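Let's have the full structure, built from the sequences with the hints guiding it.
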Amino acid sequence: MTDLLEVTNISKAYKLPSRWFKKRYIHALEPISFQIQAHKTLAIVGETGSGKSTLAKLLVGAETTTTGEIKLNGQSLHQGNFKQRCQHIRMIFQDSGTTLNPSLTIQQLLDEPLCLNTDLNEEERVQLIRETLHKVGLLAEHMNFYPHMFSGGQKQRVSLARAIILKPQVVILDEALGALDPSLRSQMINLLLDLQQQMGLAYILIGHNLGIVRHFSDDIIVLCQGQVVEQGKTLNVLNKPKHKYTKKLIMSQQYQLIHR
Amino acid sequence: MNLLDVRNLSIELLTNNKPILAVDKVSLTIKEGEVRGLVGESGSGKSLLAQAIMGVLDEKWHVDADRFHWRGNDLMRLSAEERKSIISNDVAMIFQEPMACLDPTATIGEQLEEAVDQQQFEGFFWKKRQQRKLEAINLLHKVGIKNHIQCLKSYPHQLTEALCQRVMIAMALAKKPLLLIADEPTAAMESTNQGQIFRLLASLNQLKNMSILLISHDLENVTHWTNTITVMYSGQFVEAGTTDQIFKQPFHPYTRALIDSSPTANIHIPTKSRLMTLPGSIPVLQHLPIGCRLGPRCPRAQRECVNSPKAKNHQGHQVSCHFSLKGSY
Numbered sequence: 001m002t003d004l005l006e007v008t009n010i011s012k013a014y015k016l017p018s019r020w021f022k023k024r025y026i027h028a029l030e031p032i033s034f035q036i037q038a039h040k041t042l043a044i045v046g047e048t049g050s051g052k053s054t055l056a057k058l059l060v061g062a063e064t065t066t067t068g069e070i071k072l073n074g075q076s077l078h079q080g081n082f083k084q085r086c087q088h089i090r091m092i093f094q095d096s097g098t099t100l101n102p103s104l105t106i107q108q109l110l111d112e113p114l115c116l117n118t119d120l121n122e123e124e125r126v127q128l129i130r131e132t133l134h135k136v137g138l139l140a141e142h143m144n145f146y147p148h149m150f151s152g153g154q155k156q157r158v159s160l161a162r163a164i165i166l167k168p169q170v171v172i173l174d175e176a177l178g179a180l181d182p183s184l185r186s187q188m189i190n191l192l193l194d195l196q197q198q199m200g201l202a203y204i205l206i207g208h209n210l211g212i213v214r215h216f217s218d219d220i221i222v223l224c225q226g227q228v229v230e231q232g233k234t235l236n237v238l239n240k241p242k243h244k245y246t247k248k249l250i251m252s253q254q255y256q257l258i259h260r
Numbered sequence: 001m002n003l004l005d006v007r008n009l010s011i012e013l014l015t016n017n018k019p020i021l022a023v024d025k026v027s028l029t030i031k032e033g034e035v036r037g038l039v040g041e042s043g044s045g046k047s048l049l050a051q052a053i054m055g056v057l058d059e060k061w062h063v064d065a066d067r068f069h070w071r072g073n074d075l076m077r078l079s080a081e082e083r084k085s086i087i088s089n090d091v092a093m094i095f096q097e098p099m100a101c102l103d104p105t106a107t108i109g110e111q112l113e114e115a116v117d118q119q120q121f122e123g124f125f126w127k128k129r130q131q132r133k134l135e136a137i138n139l140l141h142k143v144g145i146k147n148h149i150q151c152l153k154s155y156p157h158q159l160t161e162a163l164c165q166r167v168m169i170a171m172a173l174a175k176k177p178l179l180l181i182a183d184e185p186t187a188a189m190e191s192t193n194q195g196q197i198f199r200l201l202a203s204l205n206q207l208k209n210m211s212i213l214l215i216s217h218d219l220e221n222v223t224h225w226t227n228t229i230t231v232m233y234s235g236q237f238v239e240a241g242t243t244d245q246i247f248k249q250p251f252h253p254y255t256r257a258l259i260d261s262s263p264t265a266n267i268h269i270p271t272k273s274r275l276m277t278l279p280g281s282i283p284v285l286q287h288l289p290i291g292c293r294l295g296p297r298c299p300r301a302q303r304e305c306v307n308s309p310k311a312k313n314h315q316g317h318q319v320s321c322h323f324s325l326k327g328s329y
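Residue numbers (full-length UniProt numbering), protein chains in the order written: chain Y, 1 to 260; chain R, 1 to 329.
It is worth saying that the hints were derived from the structure and are not from the lab.
Predicted, not measured: the structure shown is a model, and the values here were computed from it.
Do not rely on the hints blindly, as some may be mistaken.
Said to hold, decoys possible - Keeping only pairs whose Cα atoms sit at most 30 Å apart, straight-line, the calculated DSS-like set for lysine-lysine is:
no., chain 1, residue 1, chain 2, residue 2
1, R, Lys146, Y, Lys247
2, Y, Lys247, R, Lys248
3, R, Lys146, Y, Lys244
4, R, Lys128, R, Lys175
5, Y, Lys167, Y, Lys22
6, R, Lys153, R, Lys176
Stated by the list, open to error - Pairwise CB distance ranges (calculated):
no., chain 1, residue 1, chain 2, residue 2, range
7, Y, Gln79, R, Lys176, 55 to 63 Å
8, R, Asn16, Y, His148, 17 to 25 Å
9, Y, His148, R, Lys31, 40 to 48 Å
10, Y, Gln75, R, Lys153, 51 to 59 Å
For each residue, glycine too, the CB sits at the ideal point set by N, CA and C.
Pasting the structure below:
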């Protein structure tokens, strides 16, 4: 199976104000490489400040990489070429309530990426929006609603619809499941798994709930202060953690796993 | 002895048209030295219930209860001032997002000294100032902050979230409360920090015999730390019992669904398989279903569910459902 997304040695360093002639850097992310295939999920776990979100920003192109290369289907992605990138790599954020523009209806919200990236006419666009809403479990009537008329779970569905409307190949979930209520979270997990089956999406799941990570992902990367601590198949890593940090992370959630 | 005994508490939101029943006949008892979990999804009225216990709801809300006893005193009969003096002495509350709750313009030291009880000091004012400072340091030591010099001088934004939550707990401890209400103390916190805060609360419970009402939206997070759990859904009482009862043999379809939907509690199911889940979403306050509010989402709902079920007690395990799962175990 060929790799869908191939990342080699990307890293990110932020420049600090230099003192005299000395240049100072903060290394937010040390060089990291991984591959993802279609239908697969890669989980990235770590504490705050471990470089999880930096990695996500580098992949979608919100930040420029310091070193390294990102290849999608064998083609390398160029800095600043957003047209190519945003069609194939999409992102869902943690707080869906604040990432939707409150002054636009759902139709206008979903129309925006279509207008900018495709040359469909209006009728085709409306048809596509209707299909996408149906795919994420919403109704066509919801097109004329404003974001505040939805509940939290439905808002998360709208942002998922916005992510998949351009038929991407990679979707990045940046803590997208963390803040949801448990019953809505399991609905969302089911929906994401179904979409993965149907569309062959590859997910990059960023989060810290190891129960969800275990259930959802095939591969895992454990980050600690910008460095890759452990990398491998999820079940292998979680069952036989080698590094001290991974063990600590699993121990801290052991209280939540039920050992009664 | 029961510290807090609340029976059939209802909270109404007074609007221009018809009052909305936000919390519908919820019962809650807390014994001395007990850790009780209060679990419910967002909009289930658990924070409202906590605020009603503290008595900090304003005129828009109308609180009514069959029984509202605090250590044998009927709080409903007392005047607002008497009630306030009792509650403020014996009950303390900590909130979620500790960073947002602390005053960003004052140092931790100033805020802590403000919270310290004045009554316990004696002597002239310069002596009192000294004592107050010592007490603040003492409080920080109690919550496990050893580096008090640095901490007292810093502003909230200079500390990590877990440290801020510890400071909040320190403030709550200032009056030596009998009951601590923790309203989602670890929401949006890293799992390692969550463990720290829960361990601190557990040690306070064991060493000082302080009761804790632990409010959370996630059942799986609190099960390790609680003795008893009360589950709420959309403002209605669902189920109450010991943690073991709730977790091993839930009688209510909603609790069953909550446990089944959690991937953490079901390690044995194959990865990437579909999770059990309830259809639909939580109803909004303006459009509440009649009778049992779980009705439209419930897998066991039948015609009788349009009438609110009464809470039934099975050996300390209370459940409020017409078709409970009791027979199926």
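Structure-based check of each hint:
1. R:Lys146 / Y:Lys247: Distance of about 26 Å is within 30 Å: holds.
2. Y:Lys247 / R:Lys248: Status holds; Cα separation ~28 Å.
3. R:Lys146 / Y:Lys244: holds (25 Å)
4. R:Lys128 / R:Lys175: Holds: Lys128 of chain R and Lys175 of chain R sit about 17 Å apart, inside 30 Å.
5. Y:Lys167 / Y:Lys22: violated (47 Å)
6. R:Lys153 / R:Lys176: Holds - the C-alpha atoms of Lys176 of chain R and Lys153 of chain R are around 24 Å apart, at most 30 Å.
7. Y:Gln79 / R:Lys176: 55 to 63 Å: Holds, at about 60 Å.
8. R:Asn16 / Y:His148: 17 to 25 Å: holds (20 Å)
9. Y:His148 / R:Lys31: 40 to 48 Å: Hint holds: Cβ distance 42 Å, inside 40 to 48 Å.
10. Y:Gln75 / R:Lys153: 51 to 59 Å: holds (55 Å)
Consistency note: the structure conflicts with earlier hint 5 alone.
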